[in-house]
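S.K.: Construct the complete structure from the given sequences, taking the supplied hints into account.
With full-length UniProt numbering as the guide, the letters of the sequence shown map in order to residues 1 to 137.
Source of the hints: derived by calculation from the structure; they are not laboratory data.
Keep in mind it's a predicted model, so treat the numbers as computed, not measured.
Warning: the hint list may mix true and false statements.
Straight line, CA to CA, 27 Å or less: simulated DSSO-like cross-link-like pairs of lysine-lysine [unchecked claim]:
#1 K46 to K111
#2 K131 to K46
#3 K45 to K27
#4 K119 to K67
Have a look at the derived ranges for each label pair, beta carbon to beta carbon [said to hold, decoys possible]:
#5 K111 to D5: 31 to 37 Å
#6 L130 to I108: 26 to 32 Å
#7 E65 to K30: 17 to 23 Å
#8 P66 to K45: 15 to 21 Å
#9 K31 to F100: 18 to 24 Å
#10 E65 to I26: 25 to 31 Å
#11 I108 to D5: 16 to 22 Å
#12 I53 to K82: 18 to 24 Å
#13 S92 to I26: 25 to 31 Å
All C-beta atoms, glycine included, are put in the ideal place defined by N, C-alpha and C.
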Amino acid sequence: MIKEDKKIILFDGVCNLCNSAINFIIKRDKKDIFRYASLQSEIGKKLILERNIDTSSLDSILLIEPKVAYYHKSTAALHIAKQLSGLYPLLSVFLILPKFFRDWIYNIIAKNRYKWFGKKESCMIPTPKLKALFIDQ
1 MIKEDKKIIL
11 FDGVCNLCNS
21 AINFIIKRDK
31 KDIFRYASLQ
41 SEIGKKLILE
51 RNIDTSSLDS
61 ILLIEPKVAY
71 YHKSTAALHI
81 AKQLSGLYPL
91 LSVFLILPKF
101 FRDWIYNIIA
111 KNRYKWFGKK
121 ESCMIPTPKL
131 KALFIDQ
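M.R.: Dropping the structure here:
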């Protein structure tokens, strides 16, 4: 079930880098802002369809804000960083850089993520303690 006030992060559930990023975010989401679902899940597919997101070249993290549009690639990552504890909100200063430049760097990493970080056979299964944070379980 999706709570109206939560921001949803959709991620590649079989990507080791993406799973590590989600674990990183969970540890630093001290204000309980985010919920998570894999792009491959039924709820992930439904959210993508509802927002008319082009999935032909979807190789990025998506941040869906309640009653607002969605963000993807570097913009999503920087908006997520803005909400984390510690010094990570300072990374949002990179939003002043042109999107094409930020996404160029993001795309290099996204294109090589399986080669550099590996890939799982199936989506991660959260521990019972974390299960409530995942909306696709």
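S.K.: That 15 to 21 Å hint for P66 and K45 (C-beta), does it hold up?
M.R.: holds, 19 Å
S.K.: For the pair supplied as a hint, K45 and K27, confirm whether the alpha-carbon distance does not exceed 27 Å.
M.R.: holds, 26 Å
S.K.: Taking the Cβ atom of S92 and the Cβ atom of I26, is their distance within the range 25 to 31 Å?
M.R.: violated, 19 Å
S.K.: Mind checking the hinted window 16 to 22 Å against the Cβ distance between I108 and D5?
M.R.: violated, 35 Å
S.K.: Do the beta carbons of E65 and K30 sit within 17 to 23 Å of each other?
M.R.: Since the Cβ atoms of E65 and K30 sit about 19 Å apart, the hinted range of 17 to 23 Å holds.
S.K.: Check whether the Cα positions of K119 and K67 lie no farther apart than 27 Å.
M.R.: Between K119 and K67 the Cα gap is close to 33 Å, so the pair fails against 27 Å, i.e. violated.
S.K.: Decide if the proposed pair is consistent with the structure: K131 and K46, CA atoms, cutoff 27 Å inclusive.
M.R.: holds, 20 Å
S.K.: Could you see if the CB distance from I53 to K82 stays within 18 to 24 Å?
M.R.: holds, 21 Å
S.K.: Is the hinted range of 26 to 32 Å satisfied by the C-beta distance from L130 to I108?
M.R.: holds, 30 Å
S.K.: Given a hint of 18 to 24 Å, does the C-beta separation of K31 and F100 actually sit inside it?
M.R.: Cβ of K31 to Cβ of F100: about 31 Å, so the range 18 to 24 Å is violated.
S.K.: CB of E65 to CB of I26, is that within 25 to 31 Å?
M.R.: violated, 18 Å
S.K.: With 31 to 37 Å as the target window, see if K111 and D5 comply at their CB atoms.
M.R.: holds, 34 Å
Going through the hint list in order, the structure does not satisfy hints 4, 9, 10, 11, 13.
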